[in-house]
Every structure is written in C-alpha cells, then in structure tokens.
Amino acid sequence: MPTKYLDIRMSYKIFLIILIMTISLGIVGFSGYTAIKKIAANVQTMYNNRVLPIETLGQCRVLNKNIEANLLTLLSVKGDSIEQSYLEDAINHDIEEFDRLLTAFYNNCTDEPEQELTDGLLAQSRDYTYKVRTLLQIATGGEGKTAYSYYKENVKVQAKLIDDTLWQLVDRSQFLADRQNVEGQQLVSLFSTGILFMSLASGATAILLGIRITRKITHPVNQIVYHVEQIAAGNMNALSGYSPLNTKDEIGRLSRGFYHMSNTLKAYVQEIIAANDQILEMAYQDTLTGLPNRRFFVERLNKLFAESTPPSIAILFIDLDRFKFINDTLGHNVGDQILSAVAERMKVNLTNIDTLARLGGDEFILLYRDFTCQQQVSALAEQIVAVFDHPFASENKTFHITCSIGISLYPRDGTDLAAMLRAADTAMYAAKRRSTNSYQFYTDAMRQQMLLRMELETILHQALENQWFQVYYQPRVNIRSGQIVGMEALLRLPYNGAFISPTEFIPIAEETGLILPIGKWVLQTACKQNKQWQLKGLRPLRVSVNLSPNQFSQKNLLRQIEEILMETGLAPEWLELEITESAFMNKGAATLNVFASLRQMGVHISIDDFGTGYSSLGYLKRFEIDCLKIDKTFVDEIGRNRKDSNLADAIIRMGKSLNMTIVAEGVATQAQLTFLQESNCDQVQGYIFSPPVPPAEFELLVNKENLLNEIG
Numbered sequence: 001m002p003t004k005y006l007d008i009r010m011s012y013k014i015f016l017i018i019l020i021m022t023i024s025l026g027i028v029g030f031s032g033y034t035a036i037k038k039i040a041a042n043v044q045t046m047y048n049n050r051v052l053p054i055e056t057l058g059q060c061r062v063l064n065k066n067i068e069a070n071l072l073t074l075l076s077v078k079g080d081s082i083e084q085s086y087l088e089d090a091i092n093h094d095i096e097e098f099d100r101l102l103t104a105f106y107n108n109c110t111d112e113p114e115q116e117l118t119d120g121l122l123a124q125s126r127d128y129t130y131k132v133r134t135l136l137q138i139a140t141g142g143e144g145k146t147a148y149s150y151y152k153e154n155v156k157v158q159a160k161l162i163d164d165t166l167w168q169l170v171d172r173s174q175f176l177a178d179r180q181n182v183e184g185q186q187l188v189s190l191f192s193t194g195i196l197f198m199s200l201a202s203g204a205t206a207i208l209l210g211i212r213i214t215r216k217i218t219h220p221v222n223q224i225v226y227h228v229e230q231i232a233a234g235n236m237n238a239l240s241g242y243s244p245l246n247t248k249d250e251i252g253r254l255s256r257g258f259y260h261m262s263n264t265l266k267a268y269v270q271e272i273i274a275a276n277d278q279i280l281e282m283a284y285q286d287t288l289t290g291l292p293n294r295r296f297f298v299e300r301l302n303k304l305f306a307e308s309t310p311p312s313i314a315i316l317f318i319d320l321d322r323f324k325f326i327n328d329t330l331g332h333n334v335g336d337q338i339l340s341a342v343a344e345r346m347k348v349n350l351t352n353i354d355t356l357a358r359l360g361g362d363e364f365i366l367l368y369r370d371f372t373c374q375q376q377v378s379a380l381a382e383q384i385v386a387v388f389d390h391p392f393a394s395e396n397k398t399f400h401i402t403c404s405i406g407i408s409l410y411p412r413d414g415t416d417l418a419a420m421l422r423a424a425d426t427a428m429y430a431a432k433r434r435s436t437n438s439y440q441f442y443t444d445a446m447r448q449q450m451l452l453r454m455e456l457e458t459i460l461h462q463a464l465e466n467q468w469f470q471v472y473y474q475p476r477v478n479i480r481s482g483q484i485v486g487m488e489a490l491l492r493l494p495y496n497g498a499f500i501s502p503t504e505f506i507p508i509a510e511e512t513g514l515i516l517p518i519g520k521w522v523l524q525t526a527c528k529q530n531k532q533w534q535l536k537g538l539r540p541l542r543v544s545v546n547l548s549p550n551q552f553s554q555k556n557l558l559r560q561i562e563e564i565l566m567e568t569g570l571a572p573e574w575l576e577l578e579i580t581e582s583a584f585m586n587k588g589a590a591t592l593n594v595f596a597s598l599r600q601m602g603v604h605i606s607i608d609d610f611g612t613g614y615s616s617l618g619y620l621k622r623f624e625i626d627c628l629k630i631d632k633t634f635v636d637e638i639g640r641n642r643k644d645s646n647l648a649d650a651i652i653r654m655g656k657s658l659n660m661t662i663v664a665e666g667v668a669t670q671a672q673l674t675f676l677q678e679s680n681c682d683q684v685q686g687y688i689f690s691p692p693v694p695p696a697e698f699e700l701l702v703n704k705e706n707l708l709n710e711i712g
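Just so you know, we're using our numbering here: the sequence shown kicks off at 1 and counts up by one.
Hints listed in this document are in silico derivations from the structure and should not be mistaken for laboratory results. Cβ atoms here follow ideal geometry from the backbone N, Cα and C, with glycine treated the same way. There may be inaccurate statements among the hints.
The list that follows gives simulated cross-link-like pairs (lysine-lysine, DSS-like), each with its CA atoms no further than 30 angstroms apart [said to hold, decoys possible]:
| # | residue 1 | residue 2 |
| --- | --- | --- |
| 1 | K520 | K324 |
| 2 | K520 | K397 |
| 3 | K160 | K145 |
| 4 | K632 | K520 |
| 5 | K656 | K152 |
| 6 | K632 | K704 |
| 7 | K555 | K528 |
| 8 | K531 | K520 |
Label-pair ranges, simulated between beta-carbon atoms [what the hints assert, rightly or not]:
| # | residue 1 | residue 2 | range |
| --- | --- | --- | --- |
| 9 | N396 | L350 | 23 to 33 angstroms |
| 10 | H400 | Q670 | 41 to 51 angstroms |
| 11 | V188 | M454 | 50 to 60 angstroms |
| 12 | T372 | T503 | 26 to 36 angstroms |
Hey, can you work out the whole structure from these sequences and the hints?
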C-alpha cells in the first residue's frame with residue numbers, strides 16, 4: 001500500500017473522529033440550547049406571573065398601611081389646614097396608586113381562583129375608597145368625634161378586610177409559584193437525563209475509534225518516547241543513533257520535528273535558567289503592589305537578627321481601617337486599586353527606611369533600623385499617618401482612608417521574629433480601639449490586657465460548659481396603670497462571688513462565635529421560665545430576648561426558634577425578639593422574609609436601642625415591627641438636654657403613628673418618667689421600678705398591682 005495513501009487514511013480517520021465528536025457535541029449542545037430555552041421560558045413565566053404579582057401585592061399592603069396611618073394622623077390634626085391638605089393629597093395619591101397596582105395585577109391574572117379573589121378585592125377597594133373619601137369629608141368638616149367613630153366602624157374594618165384578601169392572594173400566588181417551580185425541576189431533570197445519555201454515547205464512540213487509530217500510531221511513537229526519556233535524563237547524545245523517519249505522514253513529521261527540537265534544546269535550557277531567576281525574584285514580590293512580600297520581610301528580619309551585633313530595629317504594623325467595608329460594598333477591584341495607590345504613596349513619601357512590605361489583605365509592615373531614640377520612630381509613624389491625610393481615588397470616586405499602626409522595638413519587646421510581630425500586632429489592635437488614624441507602641445499593659453481577654457474567653461467556655469450563666473428579668477411597666485406588662489431577659493455571668501459585666505464578655509462572645517450557643521441557651525431558658533410562670537398561675541406576660549447580629553444572620557434561625565417554642569411549650573405570642581438596627585441593615589430582602597416568617601409564626605419583633613444605629617425610617621415602613629425601644633442614651637438626657645428630649649418625643653410620636661408600642665429604656669428618675677408620661681409613651685423599663693432581678697424576686701414584683709405607687 002503506497003505511503004501517500006497511508007498518510008491520507010490516517011488523516012481521514014483522525015478527521016472522522018473529530019467529525020463524529022463535533023456532531024456529537026453539536027447534538028449535545030443543541031439539546032442543551034433547547035433545554036436552556038425551555039428553562040428560561042419557565043423562569044420568565046415564574047418571574048412575570050409569580051414573582052412580580054407577589055411584589056405588587058406587597059406594595060398594595062404597604063399602601064393600605066400608609067393610608068390607614070395617614071388617616072389616623074389626619075384625625076389627630078387640629079386646626080392645621082395646611083397639614084390636613086398635605087395628608088389628604090397623600091391619602092388620595094396612595095388610593096390611586098393602590099388602584100393602579102391592583103388593576104395591573106388583575107390584568108396579569110392567569111388563574112381562575114386568583115381572578116375571583118381579585119374581583120372581590122376590586123369591589124372591596126371601591127367600597128374602601130368611598131368610605132375613605134367620606135371620612136375625609138367628615139374630618140375636614142371639623143367633626144372630629146364623628147370622623148373617628150366612622151373610621152373605627154367603617155374604614156378600619158374595610159382596611160382589615162382588604163389586608164386579609166391581599167394575604168389570600170399572596171398565598172395563592174405562592175402556591176402557583178411552587179407549582180411552576182416543580183414544573184421547572186421536572187423539565188431540568190428530563191433534559192439533564194437526555195443530555196447525559198447522549199454525552200455518554202458520544203464519548204464511548206469517540207473512545208473506541210481513538211483506540212483503533214492509536215494502535216496504528218503506537219509503535220513509531222514508542223521509539224520517539226524512548227529517545228525523549230534519554231534526553232530528559234540529560235543524555236544529549238541519545239540522538240546519535242536516531243534517524244528521523246522520512247515518511248510524509250503525521251508520524252514522520254513528528255519524528256523530524258522532535259529531532260529538530262532536540263538539537264535546539266541546549267539553547268532552551270539557557271532560557272529556562274534565565275526564566276527561573278525571574279521566578280525567584282517574583283517569589284519575593286507582592287504581585288498587586290510591587291512591594292516586597294511577607295517571605296522577603298521575614299528573611300530580611302531574620303538576617304538582621306543573625307548579625308553578631310543587631311542594629312536598633314523597629315517594626316511598624318500598618319492596618320487600613322474599615323477596609324473590609326470597601327471590598328464588601330464596592331468590590332475587590334476597587335479595593336485592589338486603593339491598595340496599589342496606598343503602596344505607591346507610601347513608597348514615594350517614606351524615605352530612609354529599610355523595608356516596606358505587604359503582608360497580605362490590607363496589612364502592610366515597615367522595618368526601620370539604626371534609629372537613636374524612640375522619638376524618631378514616633379516621627380516616622382506620624383509621617384505614615386500623614387500619608388492618609390489626602391483621599392485616594394478609584395473609578396472616579398474618592399475615598400478617605402485611615403490606618404492604625406502598632407509598633408514594637410527590638411530588643412525591648414522581643415528578641416525573635418515571632419515575638420516582634422506578635423507585639424506589633426497587639427499594639428496595632430490597641431491603636432485601632434483607641435481611635436482611627438493613630439499609632440501605638442507596644443507596652444506590657446497591652447500584654448496584660450491580651451492575657452485578660454484570653455482568660456475571659458476561657459471563662460466563657462467554662463461558663464457555657466458548666467452552666468454558670470444566669471438569666472435575670474427586668475419588668476416593662478405600663479406608664480399609665482403602673483402594671484407590669486412584660487419583661488426583658490438579661491444574661492448575667494457570676495464568677496468568684498461577683499458578676500462579670502456583659503459589656504466585657506458579650507463583645508468577646510461575639511468575636512469568638514460563642515454568642516451563638518449562649519444566645520440559644522438564653523432563648524431556651526427565658527421561654528422555659530415564662531411557661532413555668534404561666535403554669536404556676538401567674539398573669540401571662542411577654543418575655544423579650546435579645547438577638548445578636550450573629551444570631552440574626554444564622555440560616556437556621558427560624559427553625560431554631562420553632563424548636564425552642566415547641567420544646568418549652570410557650571405560645572409564640574408570649575415571645576418578643578429584640579433586634580438592633582445594625583443587625584439587619586443592608587439585608588432588606590432577607591430581613592423582610594425573616595420578619596414575615598416570625599410574624600406568621602406569631603412572635604413579636606422589637607427594635608432595640610433605636611436611635612443609636614442607622615435609624616432609617618425606610619425600614620420602619622417596610623418591615624412589620626411591633627415595638628420600638630428608645631435607647632437609654634436619649635432617656636438619660638431628658639430634662640437636661642433639649643435636643644435629646646425633642647428627639648425622644650419625636651420618636652414616640654413617629655412610632656405611635658405607625659401603630660408601634662413605644663418602650664423607653666433606662667428610666668431612673670421621676671423627671672424622666674413624668675416627661676415620658678406627658679409624651680404619651682406606652683411603657684418604661686428601668687431602675688426607677690426595678691433593676692434586673694432573679695426569677696424568684698420577679699415573681700414578687702408581678703404580684704404588685706401598681707408599681708407607680710411603689711415609687712410615689
């Protein structure tokens with residue numbers, strides 16, 4: 001058989017394999033494309049017919065609540081025609097927007113029960129619009145009592161009916177969405193099975209053909225492999241007995257190419273040596289900033305320590321303040337640009353230093369040597385701080401960055417690398433706690449503070465394991481009747497005959513993650529105790545339990561609460577969860593789902609320490625919140641600071657307009673209590689009535705009819 005014919009046959013066979021694989025991949029790809037189109041259509045249907053309607057219904061509920069809140073505010077306005085006019089416009093606008101959203105929802109209904117519910121809701125909306133406008137006429141006519149009676153008997157009832165119907169529509173839409181989701185899953189399963197089968201069949205065909213051709217190629221290739229192994233072992237003379245094939249097929253071309261490659265291998269070896277030197281240089285350099293990296297810094301410092309008479313050495317540990325916030329909010333691309341700018345500015349402005357390196361993340365470290373006094377190191381630290389006086393630019397935005405610097409000195413703070421780095425790191429955290437954009441030298445006091453923190457962390461582990469924790473209860477008192485209407489469960493840690501302050505151990509529990517088991521234990525204990533009091537015959541009271549930000553972020557939070565309520569037998573209505581504003585800010589959708597689930601469960605929700613965090617009025621409108629707790633810092637200044645008094649009064653009025661229960665924390669004086677009574681606050685909590693007390697003492701308090709008489 002002619003060689004040329006063999007060449008063609010080999011190429012043809014390889015081409016045949018490629019063609020078969022291409023066709024197989026085309027079939028698989030086309031199937032995948034069809035599957036994606038069908039799945040995308042299913043997702044589009046889900047979004048247009050299920051997700052958007054549910055969002056529209058949620059907007060309708062918010063508008064319904066806004067109308068009712070504005071009506072209540074309008075009924076409380078006396079003789080202020082401008083404010084009345086503004087409220088009327090707002091109510092009419094919300095009614096029109098409600099009708100528009102409801103009409104849009106009706107036009108997109110694809111389910112008969114959904115259309116029937118929507119028909120009923122449209123009729124209810126028309127009736128509600130008529131009653132609201134009738135109420136507006138009565139209210140603007142100056143008949144306040146008549147308007148309020150009409151509101152309670154007609155408008156409020158109709159608003160509740162509309163809200164119930166909206167909930168029914170939400171449930172129906174959710175049911176349809178679940179059904180659509182099941183259809184999508186079935187579709188994905190069907191196409192996945194088909195694609196997998198075709199992929200296996202195509203792969204098997206290609207493998208069998210490949211084996212057939214490989215057998216015709218292996219023999220001449222084995223000869224080449226042998227000589228390759230010889231050359232790889234360093235035997236450059238292996239080609240002396242090798243003659244390349246003179247055929248025109250692919251194997252012949254491979255043989256001649258290998259022979260040519262081997263003859264030029266020596267030149268390539270020289271290039272590899274040069275490249276290896278370059279790689280070695282890169283091993284000591286940070287790729288992002290161009291600064292020396294941790295490895296270089298460690299070897300440089302160890303070299304100085306190894307000298308017979310080491311010079312004076314200072315290590316400055318530099319950490320950017322709140323840099324994680326930039327990465328999390330704007331992305332790592334912006335963060336990397338800022339890090340590069342920081343490194344470049346420090347390289348330009350910091351002279352007469354030994355080494356400036358980047359350890360990783362937003363941490364830099366500087367080696368300063370041959371100084372004569374500590375004041376020179378302080379001057380260098382101030383020079384570093386001054387580098388951050390001007391903002392940094394990235395993507396047409398400017399950022400004001402600050403840093404915290406920890407300084408350790410050799411040999412005062414350590415005589416080896418680990419000790420010096422540990423001391424500088426400790427000092428950096430001390431600087432960060434003191435204030436941003438500052439520096440701190442390492443001291444023995446910092447070491448003691450670090451040891452104390454480690455001891456406290458050990459105590460927390462022991463307390464959790466040995467059940468040392470206790471739960472005390474502080475009453476919440478009705479400001480008018482003086483009767484206890486609720487209580488807050490507060491964690492206490494007894495140790496060596498005294499109590500460790502929560503302000504000391506709670507932050508450590510948060511940092512170490514121990515707050516999760518501790519918080520779960522507090523919730524279990526409070527629910528169990530409340531149920532025991534109810535079984536004992538005490539008047540039912542709602543117990544409020546604080547949730548830390550780490551607890552609120554748990555994925556299994558809802559299941560954990562359900563299990564605790566089921567385990568303790570406490571009805572959900574007698575549990576209130578206190579959540580700080582910072583725990584759920586920037587988590588709008590997730591928070592909305594959690595709050596809705598808790599409300600559906602029957603658990604009450606209160607915002608703790610209101611006014612000290614973001615205090616966004618937007619989330620008060622979006623989220624279903626039962627109670628607003630005014631932070632103690634505002635209450636402390638009542639009667640002494642006019643601004644705080646006005647803020648407290650404004651918070652009370654705003655919360656009540658949103659139908660929230662208002663609780664003032666930390667009430668300690670009669671003057672504070674009087675102000676809160678005059679401001680129409682609902683409940684108070686503080687030492688004026690009782691500090692947090694053990695369960696036995698709290699029982700005695702509950703039996704008292706009027707705590708106002710106790711302080712009179």
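Notebook entry, point to check: Which hint numbers does the structure go against, in order from smallest to largest?
Noted result: 2, 12
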